[in-house]
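Trainee: Make a model of the complete structure from these sequences and hints.
For the record, the sequence lines run as chains C and V.
Under UniProt numbering, read the first sequence as residues 1 to 454, first letter to last.
Under UniProt numbering, read the second sequence as residues 1 to 469, first letter to last.
Among the hints, erroneous ones may be present.
Subject to a maximum C-alpha distance of 20 Å in a straight line, what follows is the list of computed SDA-like cross-link-like pairs (lysine to any residue) [to be verified]:
#1 Lys-73/C <-> Asp-320/C
#2 Lys-52/C <-> Pro-447/V
#3 Lys-52/V <-> Glu-287/C
#4 Lys-52/V <-> Gly-425/C
#5 Lys-47/C <-> Glu-3/C
#6 Lys-21/C <-> Arg-85/V
#7 Lys-47/C <-> Arg-85/V
#8 Lys-52/V <-> Pro-403/C
#9 Lys-466/V <-> Val-91/C
#10 Lys-265/C <-> Leu-252/C
#11 Lys-52/V <-> Glu-368/C
#12 Lys-21/C <-> Gly-80/V
#13 Lys-52/C <-> Pro-449/V
#14 Lys-466/V <-> Asp-89/C
#15 Lys-52/V <-> His-426/C
#16 Lys-73/C <-> Glu-287/C
#17 Lys-52/V <-> Ser-404/C
#18 Lys-47/C <-> Glu-82/V
#19 Lys-52/V <-> Lys-448/C
#20 Lys-448/C <-> Ser-68/V
#21 Lys-265/C <-> Ser-311/C
#22 Lys-406/V <-> Ala-437/V
I should point out that these hints are in silico values taken from the structure, not numbers from a laboratory.
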Amino acid sequence: MIERWNRDQVLALAPDAPSQKAAQGVSSPGKWSGIGVTADALWGECKGSGSKPYRACVDLSEPAYRCSCPSRKFPCKHALGLLLLWSADGVPAADEPADWVAEWLDQRRDRAAKAATRAAATADPAESGPPGGGRRAEQREQRVAAGLSELERWLADQIRQGIAGSRRHDHWDGLAKRLIDAQAPAVAGSVSRLNAVLATEDWPARLLGEYALLHLLSVAHRRLPEMVRASGDGADAPERAGAPHPAAAGLLQRVRERVGFPVTKEEVLAGETVRDVWDVLGRRDEEQDRLIARRVWLRGRATGRPALVLSFAPVGQALDASLVTGTALDADLAFYPGPSPLRALVAARHDAAPAGPAPGSTPERALEEVARALAGDPWVDSWPVVLDGVTPARGSSWQLAGPSGGLALHPSAGTPWRLLAASGGHPLTVAAEWTPRGLRPLTTWDEKGRVIVL
Amino acid sequence: MNASAEWEDLVSTALVGTDRRPLPGGAPGEVELLERAAVHTLRMRAGHRLEKGEPLSVAPPEEQPALSPAAADRLARILGGERPRLLTEWLETAAGHGYRISPHLLPELLDQGARDRSIRPHLGVLAGNRGRWLAGLNPEWGFLLEEVTSAAVTGADGAREVWELGTSGDRRAHLAALRAADPAEARELLAATWEKETPDDRAAFLEVLAERLSPDDEPFLESALDDRRREVRHQAADLLTRLPGSRLGLRMAERGARYLSVEDGRIQVTPPAACDGAMERDGIRAKPPRGTGERSWWLQQAVARTPLAVWPRLLGRPPAELVRMKIVDWGREVMAGWVRATVLQGDPEWARELFAWDPLADLLAALPPAEQERVAADFVRRHGLDGQLIMVLGGASAPWGPGLAKAVLQKILEVSGTQPWNLGELTKLAGERIDPALYGVAERLSPEPPIQEVAALLRFRDDMLKELV
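Mentor: Written as structure tokens, this is what we have:
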């Protein structure tokens, strides 16, 4: 049985603020007929402007949404309105889903089964291996290498001439375009995001830091393959004086990912999976180049492992809404390979689990964890942490403090009034995203354990 | 060189460029600089230490009951933009029961209170100790610290303390409670500290004396006519006007006799020729608003401040006849004065007669509730849907019973066939004022969308009020 989500949790599923508002407009019982809810499905018919009502339903176990309305927003206002009504305990329980709902659920199960068979088929070793032939792959390697060595030269030039003159928003445009042409899209993305640095007061220091990490990435891309080769397979080479660390192979994989060689979903799913009860800590959407990146942060209850489920969609199109903040799911996660594994895919869902405050740690332990993550992957710039027994405190900025000191909040958090109100000066459990500039608070829990989205 | 000084050095070198400022001792400077910067950046990220901070004070524990989750959710819905006009009713009901709202909703609600003065008295109760603690952190929410802090100020022990140390809201509530129980003691309590109260407080406290007003209050009120603050003087004059046989009433009656008389079955009017100090002391303002003549202004106010009981005695006719008589030249002023007096003195007999002459919302409100409904329902049946109908209905006190509800729903049904685009305000008002328990009646009345809209709103309120019991 799925616990009813609260209003905050439902609204957090909306693709944007107008959808939140529109959903509230269709969340009153009078707009709906034929509504019902079973253990894992919710449905109803909502009167629209046409003669036929829109049929909306939600598969609560996934969750997944479906509506007959023409909206391209996802979940649409009808699905969200229906969820709001359910969250206000306004939907009567039913034994069986309505026919049209049952049909949809069956279709979904069929599709899932077929996909599983297909996945099993493609996992056949005979079919694996680099697609598209070696020549094209080799060409790409050369282009990327050339693009990155240009990046290395460009960075050196900047430092020679001084970065004082780089305070123009289009300063990086040409370089980013050339990196895209060089088929290194991820590093091109990092370069075009440098614009944001200029908005801050200490931009010279931050810009130098970013340049330094980009330099590190180019050098790593140039030199790591050699080191991996030198250590044999890289995995089991005996430790010798001067020999490269066996972790180099893993690091190389991460470097290639950061440059823009994608790891395919199939590869990830074919790797090792971790089963745990995963608390969904919160999410953050970020627009980059007309593309919305959605980060959903998770943490395993038993393993304590952090995870990031990342998805992308063009602005205005459906984003993955299958993970609800403040819920918990028993699932297998498949992690992307490399050191400090964080990014993951949900490989299999088993069940919903009772939600509640996620187990937390002290600020000190959280910092140690972040340090370990950075040691494995120096380019890590966000990491999910759950702090327990912390209190909001004032320093040079607002912070979350334990007995021996506090961690600053990210400047974008401003004065975190909701968090302050929930705390009242008392310690609480807060899930947050660690970033080099401070914590971005995600969620907290009230005294009854109900999630509050911050 | 320590780490942070070295970092500063790297940044300033990078700013001007290694061409102009080579790194000390470094060979190909730019690569060296980038590599050292990378080490520093990572060291700063991975080696971040906890900072000292100043902890917040701890909010005092709560004494009031918490809202049910359903009620809290409904408040969040209303704050989120669903049925926003019901916010006041929600707040008033919840505050009346002494609830406190869920802490995480406080910032939104206090922001709303910062914008909308009218909801602040309810917020004082609802915010609880957590709310006042928060208001201490944000000057924009400082208004909260002046409001009533709990639904009921009871107990004689705490009473003295509340009067001495409470917020002005609490002191007002305490005075009102005492006034209801023992009018004389309340007046004496107020008189004892009167001189030390702020002008705003004096005006607010005087308002409390309207409850259980009696001739014993006269000396105190009479002395308040000489107060420094105009609001206080006017409030005192208003109360004295309502007090049968007060000296102010007698003075006004004397003036009235000079201004109005009956000759040849018509009311003859001689407006005041001047506004002297005695008139001003009795609450008549000398300076007219722009566009109004002086004599017209003084006459209107004098009539408004004269006890209504004076006129039948003086002019020899009951109110029913007086309001229909021809008034020579100054009819507008006299009638306006009577309307104002009726509202001020809450006189149902005059209200009834004047409403028939000029259907004003304020006059309707001066009638006893049952009669208000009857009169309003009758008006709805006779009158077309226009701004005046809306205004009049706004005067009928809520909740509307079955009679008025039926008349209004019938009107909505009528209009939905002819000018449905005009129904917006009437359906909203109906949904907000009809007794919510009647939602079933509305639901069954007709499938027409505007009726169903009213029904939906009533049902929302019915659920809302049940959650707040």
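Trainee: A separate judgement is required for each hint: does it hold in the structure or not?
Mentor: These are the hints, each one checked on the structure:
With a C-alpha separation of about 12 Å, the suggested pairing of Lys-73/C with Asp-320/C holds against the 20 Å cut-off. Using a Cα cut-off of 20 Å, the hinted pair Lys-52/C and Pro-447/V holds, with the two alpha carbons roughly 17 Å apart. Straight-line distance between C-alpha atoms of Lys-52/V and Glu-287/C comes to about 34 Å, which puts the hinted pair past the 20 Å bound. Taking the CA atoms of Lys-52/V and Gly-425/C, the gap is near 16 Å; set against the 20 Å cutoff, the hint holds.
Among the hinted pairs, Lys-47/C with Glu-3/C is inconsistent with the structure: their alpha-carbon atoms are about 27 Å apart, more than 20 Å. Distance restraint check for Lys-21/C and Arg-85/V: the Cα-Cα separation of roughly 16 Å lies within the 20 Å cut-off, and the hinted pair is therefore satisfied. Distance restraint check for Lys-47/C and Arg-85/V: the Cα-Cα separation of roughly 24 Å exceeds the 20 Å cut-off, and the hinted pair is therefore not satisfied. Taking the CA atoms of Lys-52/V and Pro-403/C, the gap is about 10 Å. The hint holds against a cut of 20 Å.
For the proposed pair Lys-466/V and Val-91/C, the alpha carbon gap of about 18 Å is at most 20 Å, so the pair holds. Distance restraint check for Lys-265/C and Leu-252/C: the Cα-Cα separation of roughly 19 Å lies within the 20 Å cut-off, and the hinted pair is therefore satisfied. For the given pair, Lys-52/V sits about 18 Å from Glu-368/C by alpha-carbon distance, which is consistent with the 20 Å threshold. Taken as a hint, the Lys-21/C and Gly-80/V pair is honoured in the structure, with Cα atoms around 8 Å apart against an allowance of 20 Å.
Distance restraint check for Lys-52/C and Pro-449/V: the Cα-Cα separation of roughly 16 Å lies within the 20 Å cut-off, and the hinted pair is therefore satisfied. For a cut-off of 20 Å, the pair hint linking Lys-466/V to Asp-89/C stands: about 14 Å separates their Cα positions. Restraint check for Lys-52/V and His-426/C: satisfied, since their Cα atoms lie roughly 17 Å apart, inside the 20 Å limit. Of the supplied pair hints, the one linking Lys-73/C and Glu-287/C holds, its CA atoms being roughly 16 Å apart against a limit of 20 Å.
Taking the CA atoms of Lys-52/V and Ser-404/C, the gap is near 8 Å; set against the 20 Å cutoff, the hint holds. With a C-alpha separation of about 18 Å, the suggested pairing of Lys-47/C with Glu-82/V holds against the 20 Å cut-off. Taken as a hint, the Lys-52/V and Lys-448/C pair is broken in the structure, with Cα atoms around 30 Å apart against an allowance of 20 Å. Our distance criterion of 20 Å between C-alpha atoms is met by Lys-448/C and Ser-68/V, whose separation comes to about 12 Å.
As the CA atoms of Lys-265/C and Ser-311/C are separated by approximately 12 Å, the hinted pair is consistent with the 20 Å bound. Between Lys-406/V and Ala-437/V, the direct Cα distance comes to roughly 13 Å. Compliance with the 20 Å bound is thereby established for this hinted pair.
When the structure is compared with the earlier hints, violations turn up for hints 3, 5, 7 and 19 and for no others.
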